[in-house]
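Number of protein chains: 4
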Amino acid sequence: MIGGEQLIVIAGPCAIETEELLKETAFKVRGAGADMLRGGAFKPRTSPYSFQGLGVVGLETLARVGEAMNMPVITEVMDSDDIPAVAEYADILQVGARNMHNFSLLKKLGRTNKPVLLKRGMAATVEEWLLAAEYILAGGNSQVVLCERGSRSAEKWTRNTLDLSAVALAKELTHLPVIVDPSHGTGVRSLVMPMAKAAIAAGADGIIIEVHPHPEKALSDGDQSLTPRQFSILMREIEPVAKAMGRRIR
Amino acid sequence: MIGGEQLIVIAGPCAIETEELLKETAFKVRGAGADMLRGGAFKPRTSPYSFQGLGVVGLETLARVGEAMNMPVITEVMDSDDIPAVAEYADILQVGARNMHNFSLLKKLGRTNKPVLLKRGMAATVEEWLLAAEYILAGGNSQVVLCERGSRSAEKWTRNTLDLSAVALAKELTHLPVIVDPSHGTGVRSLVMPMAKAAIAAGADGIIIEVHPHPEKALSDGDQSLTPRQFSILMREIEPVAKAMGRRIR
Amino acid sequence: MIGGEQLIVIAGPCAIETEELLKETAFKVRGAGADMLRGGAFKPRTSPYSFQGLGVVGLETLARVGEAMNMPVITEVMDSDDIPAVAEYADILQVGARNMHNFSLLKKLGRTNKPVLLKRGMAATVEEWLLAAEYILAGGNSQVVLCERGSRSAEKWTRNTLDLSAVALAKELTHLPVIVDPSHGTGVRSLVMPMAKAAIAAGADGIIIEVHPHPEKALSDGDQSLTPRQFSILMREIEPVAKAMGRRIR
Amino acid sequence: MIGGEQLIVIAGPCAIETEELLKETAFKVRGAGADMLRGGAFKPRTSPYSFQGLGVVGLETLARVGEAMNMPVITEVMDSDDIPAVAEYADILQVGARNMHNFSLLKKLGRTNKPVLLKRGMAATVEEWLLAAEYILAGGNSQVVLCERGSRSAEKWTRNTLDLSAVALAKELTHLPVIVDPSHGTGVRSLVMPMAKAAIAAGADGIIIEVHPHPEKALSDGDQSLTPRQFSILMREIEPVAKAMGRRIR
Chain A
1 MIGGEQLIVI
11 AGPCAIETEE
21 LLKETAFKVR
31 GAGADMLRGG
41 AFKPRTSPYS
51 FQGLGVVGLE
61 TLARVGEAMN
71 MPVITEVMDS
81 DDIPAVAEYA
91 DILQVGARNM
101 HNFSLLKKLG
111 RTNKPVLLKR
121 GMAATVEEWL
131 LAAEYILAGG
141 NSQVVLCERG
151 SRSAEKWTRN
161 TLDLSAVALA
171 KELTHLPVIV
181 DPSHGTGVRS
191 LVMPMAKAAI
201 AAGADGIIIE
211 VHPHPEKALS
221 DGDQSLTPRQ
231 FSILMREIEP
241 VAKAMGRRIR
Chain B
1001 MIGGEQLIVI
1011 AGPCAIETEE
1021 LLKETAFKVR
1031 GAGADMLRGG
1041 AFKPRTSPYS
1051 FQGLGVVGLE
1061 TLARVGEAMN
1071 MPVITEVMDS
1081 DDIPAVAEYA
1091 DILQVGARNM
1101 HNFSLLKKLG
1111 RTNKPVLLKR
1121 GMAATVEEWL
1131 LAAEYILAGG
1141 NSQVVLCERG
1151 SRSAEKWTRN
1161 TLDLSAVALA
1171 KELTHLPVIV
1181 DPSHGTGVRS
1191 LVMPMAKAAI
1201 AAGADGIIIE
1211 VHPHPEKALS
1221 DGDQSLTPRQ
1231 FSILMREIEP
1241 VAKAMGRRIR
Chain C
2001 MIGGEQLIVI
2011 AGPCAIETEE
2021 LLKETAFKVR
2031 GAGADMLRGG
2041 AFKPRTSPYS
2051 FQGLGVVGLE
2061 TLARVGEAMN
2071 MPVITEVMDS
2081 DDIPAVAEYA
2091 DILQVGARNM
2101 HNFSLLKKLG
2111 RTNKPVLLKR
2121 GMAATVEEWL
2131 LAAEYILAGG
2141 NSQVVLCERG
2151 SRSAEKWTRN
2161 TLDLSAVALA
2171 KELTHLPVIV
2181 DPSHGTGVRS
2191 LVMPMAKAAI
2201 AAGADGIIIE
2211 VHPHPEKALS
2221 DGDQSLTPRQ
2231 FSILMREIEP
2241 VAKAMGRRIR
Chain D
3001 MIGGEQLIVI
3011 AGPCAIETEE
3021 LLKETAFKVR
3031 GAGADMLRGG
3041 AFKPRTSPYS
3051 FQGLGVVGLE
3061 TLARVGEAMN
3071 MPVITEVMDS
3081 DDIPAVAEYA
3091 DILQVGARNM
3101 HNFSLLKKLG
3111 RTNKPVLLKR
3121 GMAATVEEWL
3131 LAAEYILAGG
3141 NSQVVLCERG
3151 SRSAEKWTRN
3161 TLDLSAVALA
3171 KELTHLPVIV
3181 DPSHGTGVRS
3191 LVMPMAKAAI
3201 AAGADGIIIE
3211 VHPHPEKALS
3221 DGDQSLTPRQ
3231 FSILMREIEP
3241 VAKAMGRRIR
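Chains as they are written, first to last, in this note's numbering: chain A, 1 to 250; chain B, 1001 to 1250; chain C, 2001 to 2250; chain D, 3001 to 3250.
Think of the hints as simulated: they come from the structure by calculation, not from any bench.
Model, not experiment: these values are computed from the prediction.
Note that beta-carbon positions come from the ideal geometry of N, C-alpha and C, so glycine has one too.
Careful: at least some of the hints might be erroneous.
With a cut-off of at most 30 Å between alpha-carbon atoms, the simulated DSS-like pairs for lysine-lysine come out as follows [as the list claims (entries may be wrong)]: (1) Lys1171(B) / Lys3243(D); (2) Lys3217(D) / Lys1217(B); (3) Lys3023(D) / Lys3156(D); (4) Lys3023(D) / Lys2171(C); (5) Lys1243(B) / Lys3217(D); (6) Lys2114(C) / Lys1217(B); (7) Lys3114(D) / Lys2114(C); (8) Lys114(A) / Lys1243(B); (9) Lys2107(C) / Lys243(A); (10) Lys171(A) / Lys1107(B); (11) Lys2171(C) / Lys171(A); (12) Lys28(A) / Lys107(A); (13) Lys1156(B) / Lys156(A); (14) Lys1171(B) / Lys1217(B); (15) Lys2107(C) / Lys3243(D).
If you only want the chain D side, here are some residues facing chain B, beta carbon under 10 Å, derived [stated by the list, open to error]: (16) Met3001; (17) Gly3004; (18) Pro3084; (19) Ala3085; (20) Gly3246; (21) Ile3249.
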């Protein structure tokens, strides 16, 4: 499903906050052409005192909204104990950058039959990323989607440095689909659009974009979230680039 | 126990390979003055096809050898499911650099009553490292030991770049003891001695050193392991530096 | 001239080796659609024992070939003493990544009336890059072209990590044209094409590409040089991406 | 002179501001035991609008104060055109981190007969640093002193990450003396002392320390400058570490 002529576009808030907000976001991103809904229920936060996500309640909300909107949903799994719950509610299980080296989690995901989106670690080499995928594949689960989300660097004006050559390398060296997260990859709203285009031109099979109806009030990652209106413009503007690459949106 | 006038010296092989080898190593590092025995039973390896450690059998071996030699033991826990087993056999539970951002694991370790050695992540800032410790402390477990083990960099002649200013910063900003791992921190045998001395001069409360009777045959990390004889020389040579800092070995 | 609807494409060998080779390369890249010829006469090499370039003889060769082919030429200036000579022969003076922080050179280039291509330093932040440009602009020379060429990172499979978000940032924050060097930016021949496309999609005003008739025999940077035939394919393939961005090639 | 049993201690302000301030600083650091006086006349500043140093007037001031205090002096040379002037006034010529890759400057310094202090570039590998020294040595000037001053990293609480394993590596691989700059290497006043001690324990042949009578009023680098009193305490505290290493101060 991911990796064909059609690019996949995943959109939604960083974290699931309320059912209403999620529904509003889902309705608008679907209208703009998104294929899939994202939203975090378990949030890996640097500080234990930051909002940690709604947990299972968030999973239920996500599943309900996805069903209502007829959109498949993706959410992060942080703990091997949560795999059954996340697998029950989500269509794709996401492994975040902070857990790319969590080999116990990867091994257990290798024994599920759900697709896994594997984000690249914040300082992982491409080789380590592909070997992390191998942990899942070796367990018998062949449905792995790679996701480039930027590496840590000394640059101060972005949150991470998005490495699009990693996309080209991964496409060259593996048969796995590769998508790009320009929201975390830059941490800067105005850079999401140019990097989404660049990602597609580099050969990515899709993008995952943070969208929030009121970014200034978001409980996390507001600075990098697009408004639904900005997302809608992004969808329109990436279309010609996709076409230039022989791909299509929806 | 860690953080007083006496520096702690932890030594042992990267991975537990056989009971005989571990016994030989323990006997020799104890003779040279080590306080505590290290050895990995669960090994976080970049590739799923590399040696993954002996698991519970390794834990049993470690505990048996530690008891026979009258040395407390430390070993890594990679998965929250393994906490009970590791806590049964080990005196200190180690969180490796690859799991510093594994917040689920940290939260569960906050609910145990065993000391935790928290290695700094390979690209973690000092702030993130201290906040990772906060995840354990916030759970009610106040026995956290920080361990600097080098950050990823572009330098090709070392495996990591050991950041001793992080030790001084952590000592300045927290009340937690801080130790240094010059073996992983450099990845180069000949650099272990000078970096052990530098660590102590920077204010570290101890060091953790990889020692293997036959580094060239080690199943992992042979290039950075000292022979027992080299470890014995190291112990002799760090002593005057410790004294200069108003500390002592044993 | 640079920064309008038309993208600029600069191509040629890393170093000027012989007049014959340069002529052959120029003839072929011009045929494929390149606007400008590049070639190094003064080469900043890591080792003093590596080929250092042909110096003034190289400059003369470059100017002769450029005139014969009716192509403007660009070459690097490494020393303020060489500015007059380089300015005599070249249409654009290039400051390499290793000299981005060479403020004496930048100040003197501010007093010339020739366009300057300013490469980003190998670990420079975007702010430092823009302030380096300011050194030239403050001297009265307003013809500055920025060039992103990749930053140093821990990735082992590429020579540098090309940072296309820096292109978008520089376009957003300055009025200066910005071009991209995917050859140095990746160091890997197979990545030049996808990164050239991605650069254009990110908003770059042009690209600079290393081309050598026999990359395997090149005196420097053979691994990242395209053959004239590969360059010709690249020119064909970037065209639709340029169009999608509302730009054109030639 | 540098590299023997006695460690060299170089101290002084970042920039030469006034003769009075420099004299006061020199008087105090000499009293505390410094061997040599530092002070910048040509300052490599990120912005063209920051204080650029006093130039030749600064050189004259430095030489006058050095002579009056009977202290040899060291200052930075940024431009090959300035080599004669700097060589006339200074006992050691310093190449800053931003010019480590300025091969034209290095080559010309190879033809002088003055000692050169070569700082490691902000993202240079140890190999590149040693090859930069080779540019000077290959010209016939064998008096090269290496200086580690920290590498750029993603750490936010320090200005650079001081890499003391580079000191040990350089001592192991070359016969050149190696000193450490903990002021630039950390950018944080409270870290200068622990890193000075650690540098000596790592095998450094000396340290270079920024001292300013009124750091809060310094025209540059105030945050990392010690007061004369703090410098005096540092001198007293590094002495036992030096002794432990079989070295001495003065």
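- Given the hint that Lys2114(C) pairs with Lys1217(B), does the C-alpha gap stay at or below 30 Å? violated, 62 Å
- Taking the closest Cβ pair, is Met3001(D) under 10 Å from chain B? violated, 23 Å
- Task: For the hint on Pro3084(D), just tell me whether its beta-carbon gets within less than 10 Å of chain B.
- Result: violated, 36 Å
- Task: Identify whether the interface hint at Ile3249(D) stands, where standing means a beta carbon of chain B within less than 10 Å of its own.
- Result: Violated - the Cβ of Ile3249(D) stays beyond 10 Å from chain B, reaching only about 13 Å at its closest.
- Query: Does Lys243(A) lie within 30 Å of Lys2107(C) when you go C-alpha to C-alpha?
  - Reply: The given pair, whose Cα atoms are some 45 Å apart, is violated under the 30 Å limit.
- Identify whether the interface hint at Ala3085(D) stands, where standing means a beta carbon of chain B within less than 10 Å of its own. violated, 35 Å
- Is the hinted pair Lys3023(D) and Lys3156(D) satisfied, with a Cα-Cα distance of at most 30 Å? violated, 35 Å
- Query: Going by Cβ atoms only, is Gly3246(D) closer than 10 Å to chain B?
  - Reply: holds, 9 Å
- Query: Taking 30 Å as the top limit, are the C-alpha atoms of Lys1171(B) and Lys3243(D) close enough?
  - Reply: Status holds; Cα separation ~24 Å.
- Take the C-alpha atoms of Lys3023(D) and Lys2171(C), compute the straight-line distance between them, and say whether it is at most 30 Å. Violated, at about 48 Å.
- Does the interface hint hold: is Gly3004(D) within less than 10 Å of chain B, judged Cβ to Cβ? This hint is violated: Gly3004(D) lies away from chain B, its Cβ roughly 19 Å from the closest one there, beyond 10 Å.
- Query: Between Lys3217(D) and Lys1217(B), is the straight-line Cα distance small enough, at 30 Å or below?
  - Reply: violated, 59 Å
The structure does not agree with the numbered hints 2, 3, 4, 5, 6, 7, 8, 9, 10, 12, 14, 15, 16, 17, 18, 19 and 21 stated previously, though it agrees with the rest.
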